[in-house]
Amino acid sequence: MPVVTARATATDVTTSDAITIRGLRKRYGDATALAALDLRVAAGEVHGLIGPNGAGKSTAIRILLGLLRADSGSARVLGLDPWTQATSLHRHLAYVPSEVALWPNLTGGEAIDLLGSLRGGVASARRDQLIERFELDPTRKGHTYSTGNRQKVALVAALAADVRLLLLDEPTRGLDPLMTRVFQQVLAERKQAGQTVLLSSHILSDVDEVADSVSMLRAGVAVSSGSLQHLRSLARTKVRMDLRTAPTQSELTVLEGLQNIALSDLPGPGPAHHRLTFTAVPGKVGPLVTALNGYGITAMVCSPPSLEELFLEQFRTTS
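Sequential numbering from 0 applies to the sequence shown in numbering that gives the first Met the number 0.
It cannot be assumed that every hint is accurate.
[To be verified] Per label pair, the in silico range of CB-to-CB distance: (1) Ser71 / Gly119: 30 to 38 Å; (2) Asp136 / Arg180: 16 to 24 Å; (3) Arg132 / Asp29: 42 to 50 Å.
None of these hints come from the bench; they were simulated from the model. Here a beta-carbon is modelled for each residue, glycine too, at the ideal position from N, C-alpha and C.
Assemble the whole structure, with the sequences as input and the hints as a guide.
Quick look at the structure:
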């Protein structure tokens, strides 16, 4: 990575991007972890980083932290080079790894305060509120904590910090569904407060719930990247319609953009009703609704694809 000669601090930097990665490459012997990775995270957004095991997510985060040196390419975090300016950079970010190790003889509260002291302390009121919301006992020693409780310690320390950037690598590992929901709520609050978040997770529902944009990694490259709204606009939408009159198969097959068609009769008293389900290709939902309106639409539900469906579709088309 290029050496930066100007010793700027993060507070000197004015940029619309919190993270910029261009052509990043990293190999471990014969194995390629990152192959010309490009990634952009705008300041103030929650950006999801998803992909199968071995896609390069954790390697990318370690390079952004300055824990690994890339073989080539460039990375800037808050305008700084994470390899040559790591000391300055770490005052302005907090990190939660997928596997948290604590000092065995420190209590959870002591560990939170110690981690906070590395970047100038934590907001005491927010710290106490987060301990309560995550239902963490801060008086217990680190060696007594379960995996989920160790994760809570790291989350409280990071989320209570007054930093500009959160780097979260599988942060909900070991949390139960209730605590995962608390995490999602707190993350939404930190976003409202102006923090930027890079969230790597295998739990796609976590990312779907809180992310503004997503990058899908495969074999060390971003195969798809953009806002969730934009990615959904490129994918098929599921539609379910209840109709008074059933169209014929030949009438349906001539409609452009209609796929995966299923037509059935609805049981019940009164006039016959029929249920039509299908998927519509991008940009065709409106015209299809207009075309089918003559059959007497009585109810309709449109379901945009979930992040999991987008993920599976993307990897199906690139495999």
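(request) Go through the numbered hints given earlier and state which of them the structure violates, listing their numbers in rising order. (result) none
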